[in-house]
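J.: Using the sequences and the accompanying hints, generate a full structural model.
Protein chains: 2
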Amino acid sequence: MTVGIIMAAGTGNRFKSEIPKQFCMLGDKPVINYCLKSFEKSHLIDNCLIMVPTNWQEEVKKMIEGFRKPKWVLPGGATRHETSLIALEFLRDINPSVVVFHDAARPFLRVKLLNRVIEEAHLFGAATAAIPVNDTVVYAKDMFVNNYLSREGLYRIQTPQAFAFEIALNAFERFHANDGTEPVLLSGGKVRIVPGDLLCFKITYPDDLQFARFVYPTWNELD
Amino acid sequence: MTVGIIMAAGTGNRFKSEIPKQFCMLGDKPVINYCLKSFEKSHLIDNCLIMVPTNWQEEVKKMIEGFRKPKWVLPGGATRHETSLIALEFLRDINPSVVVFHDAARPFLRVKLLNRVIEEAHLFGAATAAIPVNDTVVYAKDMFVNNYLSREGLYRIQTPQAFAFEIALNAFERFHANDGTEPVLLSGGKVRIVPGDLLCFKITYPDDLQFARFVYPTWNELD
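Chains as they are written, first to last, in the working numbering: chain R, 12 to 234; chain C, 12 to 234.
If you are wondering where the hints come from, they were derived from the structure by calculation, not from laboratory data. Please note that the accuracy of each hint is not assured.
Since the list gives no way to pick one copy over another, a pair counts as held whenever it fits inside one copy or between any two copies.
Claimed, not checked - No more than 20 Å apart at the CA atoms, straight line, and that leaves these computed lysine to aspartate or glutamate pairs for EDC-like:
id, residue 1, residue 2
1, Lys40, Asp219
2, Lys152, Glu163
3, Lys123, Asp218
4, Lys73, Glu29
5, Lys82, Glu51
6, Lys52, Asp153
T.: Right, dumping it as structure tokens:
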């Protein structure tokens, strides 16, 4: 059994809106509905667990009416790590073979990317979508460049991120980290990189939502 | 006098196409035409110098018929650095106050971003568009994650990049580097970061062109 864990518990300090970005409208639908559609379409996904901010459970249940796979809607924690751990501990009794985390704020998720990440998690224990960085990357201080990084082997991590359930639960209980795959590396495991997709970008700042509004008309045509 | 330098000399090893990416069609126009339109619209730009691959001069001159500002089309060098230096040395006699480099493979350039970068170069000597990285960034080896980077202060450098002409010529003659702003830092100067634009992404891989095809219909509507 494979469970999708939709990460929608962020309240978005960087987004500066009363409505968290994952629930803002993108065309005629909330942002979260776009990735849910991809989860519905994937034949590798059985059910979805949706992690939401406190007090958003009823609202989100209404938002996702009509989707078949979402089975549970739970409040998350204060950090991404806490939310992941709440999700994994909730699933302990259900004991899925694989779980796949996805940020609700990444609306444009191709089913083939989702499936590929799940398949690689079966092979390697943990896998994440990631794209090679083709811009120069720097550290900056006070809006001036401080130093240049080598671009060789540099990737931006996206979601989906899939794990053998036991590996994820064990790693997340032992190690805290910002990125969802880092606990696996910290606990001695390997994290496989699956070539990601520029379309699968994350809405973090208000500009990102504006950018998503550039993309979604063409995305909708793909249906 | 401010001169725009359109960097279109790359032959695109990573793009794997006979036609360099900046000359591929995007809708009904070659990629390079999109950013040229933004240069035409900017009241801060006087003329443009277009750097192209060897043997592409005549072809490009045909492509850009109808644009007023492009004044020179020159063959570039084997690397980005060489091409930049050829451009700067060519402009030595013309002696512009400011030059602004832009990758032809970044088609979606807003005029306000272009202008802002030029204005900041007037204030600080050198300025570049850059966007904060909101994904986790890692170094990978053989498609497995190797280590996680701190995201604090991490930016992706884009173009446009503008310079006081003397600063650029001096820095590029003395120091070689991959990124167009790095010689300035190496020669002891400062590089100001201007908040960039997700739209201003670079076409490097074939997937990027596909992505651009998602964006351009909405971009065209902005006209």
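J.: Now, for every hint given, state plainly whether the structure supports it.
T.: Status of each hint after checking the structure:
Proximity of Lys40 to Asp219 under the C-alpha cut-off of 20 Å is restricted to the intra-copy arrangement: shortest distance 16 Å within a copy versus 26 Å between copies. Only between protomers do Lys152 and Glu163 lie at most 20 Å apart by alpha-carbon distance; the minimum there is 10 Å, versus 23 Å within a single protomer. Within a single copy, Lys123 and Asp218 get their C-alpha atoms only as close as 27 Å, which misses the 20 Å cut-off; across copies the closest is 14 Å, which meets it. Proximity of Lys73 to Glu29 under the C-alpha cut-off of 20 Å is restricted to the intra-copy arrangement: shortest distance 19 Å within a copy versus 51 Å between copies.
With identical chains, the CA atoms of Lys82 and Glu51 are at most 20 Å apart within one copy only, with a shortest distance of 12 Å there and 54 Å across copies. With identical chains, the CA atoms of Lys52 and Asp153 are never at most 20 Å apart, being 45 Å at best within one copy and 31 Å at best between copies.
Checked against the numbered hints above, the structure violates only hint 6.
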